[in-house]
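Residue numbers (mature numbering (1 follows the signal peptide of the UniProt record, and there is no 0)): -21 to -1, 1 to 193.
Keep in mind that the hints are not guaranteed to be accurate.
[As the list claims (entries may be wrong)] Listed next, the in silico DSSO-like pairs over lysine-lysine satisfying Cα-Cα at most 27 Å (straight line):
{"#": "1", "residue 1": "LYS69", "residue 2": "LYS37"}
{"#": "2", "residue 1": "LYS69", "residue 2": "LYS112"}
{"#": "3", "residue 1": "LYS114", "residue 2": "LYS37"}
{"#": "4", "residue 1": "LYS69", "residue 2": "LYS114"}
{"#": "5", "residue 1": "LYS112", "residue 2": "LYS37"}
In short, the hints are calculated from the structure, not lab data. The structure presented is a predicted model; accordingly, all values stated were derived computationally and were not measured.
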Amino acid sequence: MVHFAAALIAGSALLLQNVAALAIGAPFEVEKRASLITHTGISYWGHAGLGACGFVNKDSDHIVGISSLVFGTGGNCNQWMEVTNVANGKTVLVQTRDSCEDCGRDDILLSPSAFAAIGDINLGVLNVQWHFKAKDFTPSPTIVTPTPVPTSDTVITTSRPVTSAVPITSLPPSSVPRPSGSVLPSVSILPPSAAPSSIIVSSVAPSAAPSVSA
């Protein structure tokens, strides 16, 4: 009898250990299974604002509202989701920030920017597939390639015509036409290495002007 009681106690202790181990691993397993489930539903779009998660959002934020049947007490707040447009295969990553009272269980409500990233916003609705990412998932930062600064050798393309100004130093004096019978100031054009900070203009005195034959 004593041996039976001892065995029963030992068995109970082992059972408690197994239950504790399952309890510790359960959240991870539930989260892992949830991230593997792909939902198929309809996506709507709506203007952003104060969401059910308590954050004020903008239309330019890639956010989503999930059905209130899934939202519950907000356990998915800030969790990332991948949404795919079934029609064209385009995907977008969005962050859970709101609940949608009128959405079906598998339907979602995207912000305008997120909706436009995968489809035509004028359509109003899209057939989508979506699944949650792991709770610790964070999207990789977007790498923005800086625009090179134009140099003298860079060809600039634009949608509008560009008028290029020709510097006066590029024209030799002989190529500048002078009207007949007029006296023009002579311009001293120096090479760049010898050019002073300002161009020196010397005028011809009126007494030195040649006479014009009638």
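Hint by hint, which ones does the structure fall short of?
-> The structure conflicts with no hint, since it agrees with every one listed earlier.
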